[in-house]
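Residue-level listing of the chains:
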Amino acid sequence: MTDRHAGSGLESRGTKTLQDMNYEAPTSVEAAVAALAAADDEAHIFAGGTDLLVQLREEMIRPSLFVDIKRIIETRTITVDDTHVRIGAAVTGAELSEHDAAKALLPGVVEAVELIGSAQVQGRATVGGNLCNASPAADSVPALIAAGAFAQIAGPNGLRVVAVEDLLAGPSRTNLSGNEFVVSLDIPKPTTRSADAYLRFIPRTEMDIAVVGAGAAVTLDADGTCTAARLALGAVAPTARLVPAAATAMIGKKIDDTVLASVAAAARDACNPIDDKRGTVAFRIHVAGVLAIRAVKIAIERAEAK
Amino acid sequence: MNEIKTPRGGSNYQWVGKNTPRPDGVDKVTGRARYGDDMIVPGMLHGKILRSPHAHAKILSIDTSKAEALDGVKAVVTSADIPDHPMAQPPYPPIVNDFHDISRNVMAREKVLYDGHAVAAVAAISEEIARDAIKLIKVEYKVLQHILDPREAAQPDAVVLHEDLFTYGVEPKPTKPSNIFRVMHGERGDLNAGFAEADLVIEREFSSQPVHQGYIEPMACIATTSEDGAVELWTSTQGHFVQRTLLSKLLNMEMAKIRVTASEIGGGFGGKTTVYAEPLAIRLSQKTGRPVRMTMTRSEVFRATGPTVGSKTRIKVGMKKDGTITAGEAEIWYQAGAFKGSPIGRAVDTFFSPYTVANCKAAAYDVCVNRPKVAAYRAPGATMACYPMESVVNELAKELGLDPVEVRLKNAVKEGDESLMGTKHGRIGLVEVLEAVKEHPHYKAPLGDNEGRGFAVGYWLHGGGLSSAAVNLMDDGTLGVATGNPDIGGSRSSMRAMAAEELGVNVELLKPIIADTGSLGFSYLTAGSRTTYATGMAVVNATREVIDKLRALAAKKWDIPVEDVRWDAGQAIATDNYKDIKPLSLKELAGMATSMGGPVAGHSEINASGQGATFCAQLVDVEIDPDTGFTSTKRHTVFQDAGRAISPDYVEGQMQGGAVQGIGWALNEEYIYDDEARLQNTGFLDYRMPVASDVPMIDTVIIEVPNPNHPYGVRGVGEPPLVSAPAAVANAVENAIGQTMSDLPLSPPKILAALHAQAAGDD
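Quick mapping for you: the protein sequence lines, in order, are chains A and B.
Heads up, the first sequence is in our numbering, so the first residue is 1 and it goes up one at a time.
Heads up, the second sequence is in our numbering, so the first residue is 307 and it goes up one at a time.
Certain hints may be false.
[As the list claims (entries may be wrong)] Derived pair list, reagent style DSSO-like, types lysine-lysine, alpha-carbon separation capped at 30 Å:
1) B:K940 <-> A:K297
2) B:K1056 <-> A:K277
3) B:K593 <-> B:K444
4) A:K277 <-> B:K448
[Stated by the list, open to error] Using C-beta positions, here's what the derived DEER-type ranges look like:
5) A:A34 <-> B:P932: 55 to 63 Å
6) B:R604 <-> A:P244: 39 to 47 Å
7) A:V281 <-> B:P932: 15 to 23 Å
8) B:H748 <-> A:D223: 48 to 56 Å
9) B:G535 <-> A:V281: 54 to 62 Å
10) B:S999 <-> A:E30: 42 to 50 Å
Please keep in mind that the hints were generated in silico from the structure rather than gathered at the bench.
Every residue gets a Cβ at the ideal spot worked out from N, C-alpha and C, and that includes glycine.
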């Protein structure tokens, strides 16, 4: 989850040592916001820590303050009401995967979160952390975007709401300001004949980082015509991105092979990947189309089964 | 799943060939076993190494003053603290331990030669301070052009790593320095005549990437120096006696002043056969008078310790319509890394050795490039040569419409045949291995869509050599079995089984231990699949000495000639001439030993010879996802001649482990460098070894064709399964996608590109 440029001994990160680092664990959203407001730019939100502690160990970060948000009830709760599923930002993968209602309503989001790390990591890693770490390859993010998730963001001026696709600014960068944090994710409750799915490609079968990720959500009417659709891709651009052209290709149609070919073409058009140790540009673009089709097909099967 | 075929009708052994709970098992599952980093000594300091960010650069200056001034820093060492040594001179042995190179590998002197090369080391009162201190060391570099590709590095105009390296073994003697240290050749017969005789000749080029051994435990050691100059070293190693030899020569110290204890070891696979941080820990300990512990991070292990070589190969093989291989010619270039010494001899020996090819020639080049100096990896040098040869033999068989196993049987080497490097085979089991493949249901099992089956056979001549053992009888009839070989693959269990078999007592009465270098005669590395063979022989000898002493003790007790006392089933028994003498058990004799002459112990120090070849064949089924190029290994069966499986569970484990490492080598593992030759994947996240869910349960068929030179018929089993595994996996991929693949690893992007190229060609 981290690159190795730290640890080479090339550059010193100032004279700050671990002794200069502070830790706070507020029990309310307001107290967390206040702690952030009082801190300098090197404060970090600490949820599961599965990315953050690795970055600390690799000396990629030397925070002045860790604000642990796990004691704030709103970040630790999953609630389902008539219109939304709300997942607290510090809910872990293991907790989400054992939540029957969430699993039934949002199988794509849950399966995406379950792909993060190992069984041990699942016990710590959080949905909000995976989002805010802002890796272009984060598994939960395309699934959240496809499901239409919004982030509830707390800051000095109270709460604001931002669509997940608009929260991301680039690799390891979000549009959050330094004194804001994500409290929870609100996902519209899927209607009848509406379902989501997430797939990723890795060269192994687990314990890896997505080379390409694809999240899809579809809604069908009684005769099988698509009335709503969202497709999102991960690891093929600086941030996970929504592919509106793929939705356009599906909405108002029965999704047959011709439509799926248009979905794949739209997905490939939306790619702007890099060559790196995890995959090549050509491979990522091609596989984005393959996974887009497969994810849409799974979402359709799930919607039809409802 | 664990099938054992013993052609000579089984054995009547009580402990040899039986699975017993491993003696080191409880401590390992409870976490009590002490590995390299688990040792804590009062007053201990923490050592850290400053490493080069450049792949090739001249060191202009090093300023350590700021680091030395930092609170908590107790010492700093650079190359000035490591003795220099002259270059080794010809004639060279097969493996050159050149202390000129070792000195420069543990600490860069004039130049840094790879990303991660050690430049300085610090000892401080905490790891944090040591980490901060190395950042305060200022090094001025002049960056030089780097080179990684072994064929490019072998060109006359290539940038040269060592101005004082001249290619050895070519005439006339070169006047210009080169990256090629040495060329090794093997040749027999008449190549032109052989190719003329063939009905089909195929010539191809192949490449493979450097791969890591993948041991879980990073290198870790702790060194202590006494006021009288004696050094104690605790380290995770495959050979503490070899460590002592290397350290004594490198640091100009008397051997007796260095006592090395091998920690429990979390894997080695050849990677822990030399010194890295140990000499630095010793020098830091000598400078400070305090114990110094040094533990590498995973990133340091990847950047700065030896993986195996990457390779380029050109190979040409001719076959007749009846399957006879008439001729073979191969050239291979090995990336030695920053210093000479890649396993090229094994390459020459591997290409054609499973087969009685009358006319063949092989050449192997040892080429220096800007990567860490290679270390051994499970059958060093053989795997990269087996893959091209087996690939071409499979292609020839396919083109000629022949069965790949029948082709191997037609050409199989047998007793009396010779390998290309001149090993004359005794009793060997290649034919038995191939027959077992033919009989196995896997061989003819139907394949599904997008599936392919691969087959390959590999040859490995395992090691013998220097080994010592001691068996100590205690008053209550229990025994200690001491050897000098760190237990990596279950050797304690096998040593115990052989000693118990000799004595005719329960294995539970024997406690096997790994003795330190002060306690036993020299023992070469746990490497080369030699331990159960060579050290096992020493254990058998030492046990027999105990038995002889017990027979003598019984003879003394009974007042009869020792020739009239035999040993059977744990007892001294008088011959039939003494009907009224009741046998004395081991326990009874142990109880009377101290009062009747003294303690009873046996020891043995040997140079074991007579080791033989091991053959391992593998059948692999893979399924390819045609849309993504993803390979899934569906079924994998390993067939291997173990001579005699002393501990069948561990033989099976060795076969499975080698197969899994081969799957990784063939499909995904590679060192990825950026344009500046800096390693990009320095952890197991992006260095893609298989995880458990990537592989099927590996089936094993152990074939037992005993080696008559060993008391129990043992052949080395650890390395052979990795020789043929990548070739078999690659062949399965080739058969699944219907085209030859010549560039390992066969990662999804490569397979997908090949499928797309094929589709474009078909249109």
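Going down the list of hints, with the structure as the test:
For the given pair, K940 (chain B) sits about 25 Å from K297 (chain A) by alpha-carbon distance, which is consistent with the 30 Å threshold. The hinted pair formed by K1056 (chain B) and K277 (chain A) meets the criterion: a straight-line CA distance of about 14 Å does not exceed 30 Å. A distance of roughly 21 Å separates the Cα atoms of K593 (chain B) and K444 (chain B); the hinted pair therefore holds under the 30 Å criterion. The hinted pair formed by K277 (chain A) and K448 (chain B) meets the criterion: a straight-line CA distance of about 28 Å does not exceed 30 Å.
Against the hinted window of 55 to 63 Å, the Cβ-Cβ separation of A34 (chain A) and P932 (chain B) comes to about 57 Å, which satisfies the hint. Distance hint check: the CB atoms of R604 (chain B) and P244 (chain A) are about 42 Å apart, consistent with the given range 39 to 47 Å. The given range of 15 to 23 Å is respected by V281 (chain A) and P932 (chain B), whose C-beta atoms sit roughly 20 Å from each other. Roughly 49 Å separates the CB atoms of H748 (chain B) and D223 (chain A), a value that falls within the hinted 48 to 56 Å.
A hinted range of 54 to 62 Å holds for the C-beta pair G535 (chain B) and V281 (chain A), which are about 60 Å apart. Roughly 44 Å separates the CB atoms of S999 (chain B) and E30 (chain A), a value that falls within the hinted 42 to 50 Å.
The structure agrees with every numbered hint stated previously.
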